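Asks: With the hints as a guide, dock the two chains, each given alone in a separate frame, to form the complex.
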Amino acid sequence: MHRIQSRTYIGQPSETVSVNTTVHGGGQVSVTVGGQPLAGNQFQLPATAGATVRMQIALVGPQGASCVVAIAVVDGGSDADFLLCSVFNPAPVNFYDFSVAAAAAVATFATAKDLGPTVGTKSPTGEK
Amino acid sequence: MRRVLALSFAAALASSAAVHAQGPPPSTDSAVAPDRRPAVIVDIVDAARAAATVPVPTPFGLQIGPGNRQRVAMYLMAAKAERSAYGALLKALEAARVDKQVGSTPNTNGSTSLAMKGLAPRIFGMAVERGALTREVSGTSLTFRANPVGLIKALQGSGLVDLNDAYSRDAVERFTSRFSLAATFDISRGAEPGVFTGGDQQLAAWSARLTVINRRDPASPAYATQWRTLLAPDTAPYRGSVEALNDALGRWAAYTTWETQLGAAVTTFVEMPFAANHDVEGAASVYRNLLAEHLRTLEALPLPPEVTVALDAYARELTQLQSSIDQIYAFAGKGSLLTIDWSTVRDKAVPDLNTGTLIFEAGLGQSRKTDFTVNASESFYNSVPTGAVHALKSVNVTTQLEHPLGSALPTATLTVAARYSYLPYDTVSSTGGAAVSAAGNATGTTTVGMAPKGSVAFVQAKLTIPIKDSGLKVPLSVTASNRTELIKEKDVRGSVGITFDLDTFVSAFSGQRH
Chain A
339 MHRIQSRTYI GQPSETVSVN TTVHGGGQVS VTVGGQPLAG NQFQLPATAG
389 ATVRMQIALV GPQGASCVVA IAVVDGGSDA DFLLCSVFNP APVNFYDFSV
439 AAAAAVATFA TAKDLGPTVG TKSPTGEK
Chain B
1161 MRRVLALSFA AALASSAAVH AQGPPPSTDS AVAPDRRPAV IVDIVDAARA
1211 AATVPVPTPF GLQIGPGNRQ RVAMYLMAAK AERSAYGALL KALEAARVDK
1261 QVGSTPNTNG STSLAMKGLA PRIFGMAVER GALTREVSGT SLTFRANPVG
1311 LIKALQGSGL VDLNDAYSRD AVERFTSRFS LAATFDISRG AEPGVFTGGD
1361 QQLAAWSARL TVINRRDPAS PAYATQWRTL LAPDTAPYRG SVEALNDALG
1411 RWAAYTTWET QLGAAVTTFV EMPFAANHDV EGAASVYRNL LAEHLRTLEA
1461 LPLPPEVTVA LDAYARELTQ LQSSIDQIYA FAGKGSLLTI DWSTVRDKAV
1511 PDLNTGTLIF EAGLGQSRKT DFTVNASESF YNSVPTGAVH ALKSVNVTTQ
1561 LEHPLGSALP TATLTVAARY SYLPYDTVSS TGGAAVSAAG NATGTTTVGM
1611 APKGSVAFVQ AKLTIPIKDS GLKVPLSVTA SNRTELIKEK DVRGSVGITF
1661 DLDTFVSAFS GQRH
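Those protein sequences? They're chains A and B, same order as listed. Under my numbering, residues 339 to 466 are what the first sequence spells out, in order. Under my numbering, residues 1161 to 1674 are what the second sequence spells out, in order.
Keep in mind that the hints were calculated from the coordinates and are not lab data. What you are looking at is a predicted structure, and each value in this text was computed from that prediction instead of being measured. Among the clues, some could well be false.
[Said to hold, decoys possible] Cβ pair distances, simulated, as ranges:
id	chain 1	residue 1	chain 2	residue 2	range
1	A	Gln382	B	Pro1215	35 to 43 Å
2	B	Leu1565	A	Gln382	50 to 58 Å
3	A	Gly388	B	Thr1428	31 to 39 Å
4	B	Arg1243	A	Thr354	43 to 51 Å
5	A	Gln343	B	Leu1498	45 to 53 Å
6	B	Phe1429	A	Gln343	12 to 20 Å
7	A	Thr449	B	Thr1428	21 to 29 Å
8	B	Thr1530	A	Ser352	39 to 47 Å
All residues carry an ideal CB built from backbone N, CA and C; glycine is no exception.
In isolation and in its complexed conformation, chain B is listed as follows (with noise of 0.2 Å):
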């Protein structure tokens, strides 16, 4: 038996360090605070396009008005982020988030995960994860996933409160979420190298997968008494602290007259035409250009003291319930989860190698910090490949705990892993790393290990550190195994993934587009 260890602690830590030298990551304490208002008037519109679809009557008229003024003091934040307070609370709205899926499946090339996370985006996933920074050129792969459902109404604008609210309503769409489809390119293969052209030079792998169970939805009857307690005598202050806001902006002579312009025009110009035509759309694009002329009216009032002490104490308090809202969805998000995927990944040195994985999925303990991961997987050939005896591959198991180390958000998170894998038969393995000519570029070829039948043991430890609030994620890894045959890091390699979230990107570019 040989025994291999793989280190990436060096090149990845380098190649962190690259990272940053390359340009800065968004600061959190940038000088210039984003500018958040057309997302917030987003907010807005999409709350009326819902209740348009109820459908309520007057659903643009109910958005703004007496007894509803929260949505008008979160533009006046957004308006005067500079204020540290604001701006944080802006952030945390905007960084809460449902679920997320990132990466490529584990037998492509560039991946850094031994086990295979299961949930599926709902919107869109990519993930660019880059390998072989030592001596052998390793793939750098593209990944896009996609929830056919998800993808079809990001593509027809709906923003995420559209989604979840659909899926919620209609048990066809609910079930469709369940699909979700992906494609991995290598961007190191075909004709320009380094180059993302989606050609089918490039296509380095595609799946499919079903979830199977799925609880890890915070709109499920089994997190109703967690959002329950957020309704509890101890958030009294914050349901206080709307109403203040909500009769401070009523005492402010100039607010009122404001908001009963806005009113007399937004029943003129959006209610009766909608009235008339349904065309809830055409609604929308008006409510929004009206909301953003009458808003930059407002903002340029000076705030009266008594509001501005009512804003505060109304940050203040969403703060704290937002904090409350994401430890709800950072549990729901370690509910148990069953998933079937079906994965096929494409290489020239061996025919096209398929497999179909189980994947379970739980939250460990009471507070489920723990996260528990097994797969059981089976891999074949299209056809057997030169030099094996049979087209099946392989029989694996993996298991996987993932813990965060600390509590505080965003976390790093330590992994261990291990995988048994049962070869049958003979056969051979692409070892992932595309043949480097003497002149150093990438020839496009890859090469072919044996393995011999018997069983392949790997461990795995990795450290995933987070770069707050970039959406970054660098996860640095140790493996051993008793065998090399199968191990992506044949020698001293390192590998380094960016996962990168691009429901966060959507709804930005919804909210730059409205």
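Chain A on its own, in the form it takes in the complex (with noise of 0.2 Å):
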């Protein structure tokens, strides 16, 4: 899977998204994919080429509580996102969209971004 920009990524067809919430400060998170809780920390890309699917990450809690998201395997690392519940933004709501490509775009595409195949041993900066 590829990051194509933030909280929007690219992947091939049925690839596993694993994805971790560490949260802090008392706050309490809801991750949904395709509009369902996610069951654990995984999940799959559908199964079709151009299929979208979107997660949404919900976080409440008292002010400073915060949520690390961690999003793998991007780039061959992880990517990684920050909510926080601050005064103007007691409840923060972040929405990650994932596209499915055929193996050989998602190939090219990351030929593209000069990174290689997805496999790898990247640092998790998730950063070009």
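Replies: So this is what it looks like as structure tokens:
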């Protein structure tokens, strides 16, 4: 799976996506994929090229509650996000869009990003 | 047995009227809405700063972008705060706070509290309480209370969010946050009565407090169930409104162009230098300036109708959600609290009076609407005062019930308190009033009354009326006692407290500064 832009990814049909959330400060988090609560910390992308799926992560809690999100495998590592309950954003909800493309197209995209194949040991910064 | 009944209605109401006469309280319907754009920007920068300390990669770039557009939406609302729904929401968000500590300890002259409240502030609390509005001149006390860690962080420029975040991560800071210190200055003392100088002569009392049990932390696992209710299906409309807003902004071409340009600028001028030097504050400073510049550009763009509709829906849903959040804070705020307080009251007429107090507070009932407080204390002088036979002054037990009148916020509260004091020896007590010269000027001396050994009972009823959105509360109290020598309202006496929560000021100041 590759990162197209912030919170937007492209992956192969049926590719497994891992999502880990780490909450601090008394927050509570919910993760839904395609509108359904995520059971466990993994889900599979649709099997059909051209399909899309959206993941939603919502955090509630006292001011200062936070949630670190790690999505893998992205560009050989993981992509991170951060939600924080603050004065003017007391209940953040972030959205992540996943598009499915044929394996060949995904490989071409990876080459274009000059990353090589998705398997690898790139530093888990999620950044190019 | 003598009885005394101290009434303070007339004076208190007169004083209240005087307060209004001096200038209107902040109006909720002010024609000019406060500019909260700087505060929103600070909120974004604080979030980035928090992300940087986790750390996560690109902590600044993460704050605004596809899939995360609530913060920009809030800025747009702040830019259009003349719309009543937006202005009301922003005000409600800003008013949401964690905990408060106000008032001087009951042993100081100007206090209007019979029982002492226990929860210390995390940052800074100041109260000015005025008494003796009748013939006797009482003290006007100015209390500074600080949690050492909170004060240091406030001075360092940390916002409240930073503090909460730090407390949640750092066990040492959590522990030290259990301590607080306070100093009360009586500004009627000293060479310039009525002028606060902060000098030794005006130092009327100091206290140290340790919170032993605090079940009022909304971040406690004890409140996880309450927070989880905000993720229940019945709050799905809120999340739906966020999604609709995110998508509406994403379909606005001018917005996505703006967002891309901002993202590129943040990468170049913030993230790349930050990756090289890890200077969080330096990066935050540049980020803040970038945000201010780009957001000004954005707010000049005419909003498409679809975005306006989405913003309206988001404001509506968030307002409802914030109300639920406020309820959780209120519920948590009535959790059990056990504190130990040590205070020393300084009075020229008698030796310093030390009091050790054990304070327990808890909300009663399933909804915890009634606040129950019980204090047990022992007071003794530093030395045997003239006229007394022993340094030990009294052993006291105080209990208090506080119940809100009505459900709307802010609401008036009715407080009923009783205090029993046992005096094992004949002793003395400062009446707390400064002597008055013939010309009516305070002379800076206080009077001392004899207090024969025995039992003293007080009963007090107090009505505290908050002034909406001002941070001010006006308490009106009636006190009855079987003996007069220890009661502060010796004669008919007005006691009007003006209680001010400076946490809001600290945040506001922080916002303006940034």
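Asks: Of the hints stated earlier, which fail here?
Replies: 1, 8
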